[in-house]
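Visitor: What follows is the residue order along each chain.
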Amino acid sequence: MSVAGPRPATDLAAEVRGGSRRAADVLEEHLAAIDARDGEIHAFNLVTRDEARAQAAAVDARVARGEDPGPLAGVPVALKDNLCTRGLPTTCSSRILAGWRPPYDATVVTRLREAGAVMVGKTNMDEFAMGSSTESSATGPTRNPHDTGRVPGGSSGGSAAAVAAGFAPLALGSDTGGSIRQPAALCGVVGMKPTYGTVSRYGLIAFASSLDQIGPFARSVADAAQLFDVIGGHDPADSTSLNRPTPRALSVVDEGVAGMTVGVLAEYLDGVDPEVAARTREAADALAAAGARVEEVSVPEVLLGLSAYYLIAPAEASSNLARYDGVRFGLRVDAEDTVTMNTATRSAGFGAEVKRRIMLGTYALSAGYMDAYYNQALRVRTLIIEGFAAAYRTCDVLLGPTTPTTAFAIGEKVGDPMTMYRSDVCTIPTNLAGHPAVSVPFGSSSGGLPIGVQLLAPALAERTLFRAAAVVEAAAPVTAAVGGRS
Amino acid sequence: MTAVPERLTRDQVAHVANLARLTLTEEELELFTGQLAEILDHAADVASLDLSGVAPTAHAMAVTNVLRADQARPCLDRDEVLEAAPSVEDHRFRVPRILGEAP
Chain A
130 MSVAGPRPAT
140 DLAAEVRGGS
150 RRAADVLEEH
160 LAAIDARDGE
170 IHAFNLVTRD
180 EARAQAAAVD
190 ARVARGEDPG
200 PLAGVPVALK
210 DNLCTRGLPT
220 TCSSRILAGW
230 RPPYDATVVT
240 RLREAGAVMV
250 GKTNMDEFAM
260 GSSTESSATG
270 PTRNPHDTGR
280 VPGGSSGGSA
290 AAVAAGFAPL
300 ALGSDTGGSI
310 RQPAALCGVV
320 GMKPTYGTVS
330 RYGLIAFASS
340 LDQIGPFARS
350 VADAAQLFDV
360 IGGHDPADST
370 SLNRPTPRAL
380 SVVDEGVAGM
390 TVGVLAEYLD
400 GVDPEVAART
410 REAADALAAA
420 GARVEEVSVP
430 EVLLGLSAYY
440 LIAPAEASSN
450 LARYDGVRFG
460 LRVDAEDTVT
470 MNTATRSAGF
480 GAEVKRRIML
490 GTYALSAGYM
500 DAYYNQALRV
510 RTLIIEGFAA
520 AYRTCDVLLG
530 PTTPTTAFAI
540 GEKVGDPMTM
550 YRSDVCTIPT
560 NLAGHPAVSV
570 PFGSSSGGLP
580 IGVQLLAPAL
590 AERTLFRAAA
600 VVEAAAPVTA
610 AVGGRS
Chain B
281 MTAVPERLTR
291 DQVAHVANLA
301 RLTLTEEELE
311 LFTGQLAEIL
321 DHAADVASLD
331 LSGVAPTAHA
341 MAVTNVLRAD
351 QARPCLDRDE
361 VLEAAPSVED
371 HRFRVPRILG
381 EAP
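As you go down the protein sequences, you meet chains A and B in turn.
Counted from 1, the first sequence has number 216 at position 87 by my numbering; the numbering is strictly sequential.
Counted from 1, the second sequence has number 303 at position 23 by my numbering; the numbering is strictly sequential.
The hints are simulated quantities; they were obtained by calculation from the structure and are not laboratory data.
Among these hints, one or two may not hold up.
Label-pair distances were calculated between CB atoms; the ranges are [unchecked claim]:
no.: 1; chain 1: B; residue 1: Glu286; chain 2: A; residue 2: Pro365; range: 23 to 31 Å
no.: 2; chain 1: A; residue 1: Ala464; chain 2: B; residue 2: Leu356; range: 22 to 30 Å
no.: 3; chain 1: A; residue 1: Glu169; chain 2: B; residue 2: Thr303; range: 32 to 40 Å
no.: 4; chain 1: B; residue 1: Ala324; chain 2: A; residue 2: Ala609; range: 36 to 44 Å
no.: 5; chain 1: A; residue 1: Asp140; chain 2: B; residue 2: His371; range: 25 to 33 Å
no.: 6; chain 1: B; residue 1: Ala324; chain 2: A; residue 2: His363; range: 21 to 29 Å
no.: 7; chain 1: B; residue 1: Glu306; chain 2: A; residue 2: Ala464; range: 14 to 22 Å
One-sided excerpt, in silico: chain A residues whose CB lies under 7 Å from chain B [to be verified]:
no.: 8; residue: Arg224
no.: 9; residue: Trp229
no.: 10; residue: Arg457
no.: 11; residue: Arg475
no.: 12; residue: Ala496
no.: 13; residue: Met499
no.: 14; residue: Ala501
no.: 15; residue: Arg508
no.: 16; residue: Val509
no.: 17; residue: Thr548
no.: 18; residue: Arg551
The following residues of chain A were derived to be distant from chain B, with all beta-carbon distances above 10 Å [to be verified]:
no.: 19; residue: Glu158
no.: 20; residue: Pro403
no.: 21; residue: Gly459
no.: 22; residue: Glu465
no.: 23; residue: Thr469
no.: 24; residue: Ala473
no.: 25; residue: Leu489
no.: 26; residue: Gly497
no.: 27; residue: Ala520
no.: 28; residue: Asp525
no.: 29; residue: Gly540
Beta carbons are placed, not taken as given, at the ideal position from N, Cα and C, and that holds for glycine.
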């Protein structure tokens, strides 16, 4: 069966490659949308107009010469501001990196350029990707395009909002504990976290290196698959990049789910908002109607994911963020000796959430506590991997909600870190296991806010994952349109 | 089986902040002690398990050391890298004095 959904980005690329539209015109339309509404949304830390215009002109010139600029010819793409762009400010939404211009491009940036994409700017994020609402950004919060009194989710909230608001058909984010999928769900767009190691982390500013993975945002499953295909693949510059063929997803996205077994993950439905749970069950029905066998499965180990993650990720972050010492790049607060300078720089440069996580991680790794916390969390990671493996002995994919609730109000959870952390309860286990997962918009709440459902698959099963996601997308109730002017 | 540690104290938070090269105000110290203790209370579900028979996983996908051929190739441009540094002298990163005595 065919479940072909909308393909705004791949359609645009086809028109630009075919010469029926100019990349320059496509870009100007998107820059106009940014000008009209980003003052209100604040999806971007930086809009790179001049560089984007030069890239679009280069694409048009190649088409005029009869060359093929690539599968993303002329497609505007927004980049999370933790992806290094040579010579262009890359801040992680932190004061400590304000004004820093990296001396190199991230591998994903190089691959986008080679595919003909036009990069329009750097998107706002929780500081160093630590957060679930984009409120920990030193540049101020991003607002949800569906309701500007609410958060877009996080940490890749700027990328999710940019795609939802029509500022770019595609964006890249990074997902350490749900930072692509959770904002995708809250903003009503597709967001996908690839298998660990399939997308190079070279040039992604590290938060928790064993969990971080770059992935796509798009307005359709097929577009997300196209972007995944462009950025994936082995990279010798990342020692954790898998040196094996990466699954290519776009070519199979329409192949349906006949014969697949889908497990509805019982633990993820427990305690979530009733409307979110109801939408998840509707998505399960849609998969069954499309020919999948649907059964309920239990992976009780995932209930330990939240605690394990908030020990492992801060532990890795406390080590990774030791590099911000005022010596080689970024902020320096001068002092008469180096240790005082290091301390003054870090105290002035990091925001509260980053400080909390650095201290939590330092404590979890410190003498006397490492066995009780960090080493226990690593053993729980093993249990979660084994729990998923048991489910995948009978299931091809798993289904659950992406988030326990729809978008919450700006300011609602900032004073209570543990409550904020619970926003990630359904996304974290995937990162601990290194698996791929995708959030697909599936209608709206009675209050008109987007709801996302999540599909999970075993490592390197991206093709299966995207096929199931396309079926869910084709059956999805319409998500309320983005409000406001445009 | 490991014992769940005692509840986090203000002095421990001050000690950890010092290890992490952070200075906290009195208000931050107070706030963070409560918040971090609450997070660690939640982590008791992990800390209290008997996992003596379970191997730890540091990396979900097996990783091994990766070596490349020992061949010279271009690296980052030195001037471009130093351009980003807060202070540079004679093509090197410049820092304030490191040892206790005056320069």
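Visitor: Does each hint hold? Answer for all of them.
Guide: Now for the hints, and whether the structure bears them out:
At about 47 Å, the CB distance of glutamate 286 (chain B) to proline 365 (chain A) disagrees with the hint of 23 to 31 Å. A beta carbon spacing of about 28 Å between alanine 464 (chain A) and leucine 356 (chain B) agrees with the range 22 to 30 Å that was offered as a hint. The hinted range of 32 to 40 Å is satisfied by glutamate 169 (chain A) and threonine 303 (chain B), whose Cβ atoms lie roughly 37 Å apart. Range check, alanine 324 (chain B) to alanine 609 (chain A): Cβ separation about 41 Å, and the 36 to 44 Å hint holds.
Checking the proposed 25 to 33 Å range against aspartate 140 (chain A) and histidine 371 (chain B) shows it is violated: the Cβ atoms sit about 51 Å from each other. About 41 Å separates the C-beta atoms of alanine 324 (chain B) and histidine 363 (chain A), a value inconsistent with the hinted range of 21 to 29 Å. Taking the beta carbon of each, glutamate 306 (chain B) and alanine 464 (chain A) are about 21 Å apart, inside 14 to 22 Å as hinted. Checking arginine 224 (chain A) against chain B by beta carbon gives a least distance of about 14 Å; that is not within 7 Å, so the hint is violated.
Nearest Cβ of chain B to the Cβ of tryptophan 229 (chain A): about 6 Å, under the 7 Å cut. The hint holds. Interface hint status for arginine 457 (chain A): upheld, as the beta-carbon distance to the closest one in chain B is roughly 6 Å, under 7 Å. Because the closest C-beta pair between arginine 475 (chain A) and chain B is about 5 Å apart, less than 7 Å, the hint holds. Checking alanine 496 (chain A) against chain B: minimum C-beta separation of about 10 Å lies over 7 Å; hint violated.
Hint on methionine 499 (chain A) is violated. Least Cβ distance to chain B is approximately 10 Å, over the 7 Å limit. The interface hint given for alanine 501 (chain A) holds, since its Cβ lies 5 Å from the closest Cβ of chain B, which is under the 7 Å cut-off. Hint status for arginine 508 (chain A): holds, given a least beta-carbon distance of 4 Å to chain B, under 7 Å. With a cut of 7 Å, the hint placing valine 509 (chain A) at the interface with chain B holds, because the nearest CB-to-CB distance is about 5 Å.
The closest approach between the C-beta of threonine 548 (chain A) and any C-beta of chain B is roughly 10 Å, which is over the 7 Å cut-off, so the hint fails. Against a cut-off of 7 Å between C-beta atoms, the interface hint on arginine 551 (chain A) is violated, since the closest Cβ of chain B lies about 9 Å away. With a closest Cβ-Cβ approach of about 35 Å to chain B, glutamate 158 (chain A) is found to remain outside the 10 Å limit, as its non-interface label requires. Non-interface status of proline 403 (chain A) relative to chain B is upheld: no Cβ of that chain comes within 10 Å, the nearest being about 24 Å off.
Glycine 459 (chain A), annotated as away from the interface, has a beta carbon of chain B within 10 Å; the closest lies near 8 Å. A cut-off of 10 Å between C-beta atoms contradicts the statement that glutamate 465 (chain A) is not in contact with chain B; the least separation is 6 Å. Interface exclusion of threonine 469 (chain A) from chain B breaks down, the closest Cβ pair being 8 Å apart, not more than 10 Å. Listed as outside the interface, alanine 473 (chain A) is inconsistent with that label: its C-beta sits roughly 7 Å from the nearest C-beta of chain B, within the 10 Å cut-off.
Under the 10 Å C-beta cut-off, the non-interface status given to leucine 489 (chain A) relative to chain B is violated; the minimum distance is some 6 Å. A cut-off of 10 Å between C-beta atoms contradicts the statement that glycine 497 (chain A) is not in contact with chain B; the least separation is 8 Å. Every CB of chain B is more than 10 Å from the CB of alanine 520 (chain A) (nearest about 16 Å), matching its label as outside the interface. No beta-carbon of chain B comes within 10 Å of the beta-carbon of aspartate 525 (chain A); the shortest separation is about 19 Å.
Against chain B, the non-interface label of glycine 540 (chain A) holds: every CB pair exceeds 10 Å, the least being about 17 Å.
When the structure is compared with the earlier hints, violations turn up for hints 1, 5, 6, 8, 12, 13, 17, 18, 21, 22, 23, 24, 25, 26 and for no others.
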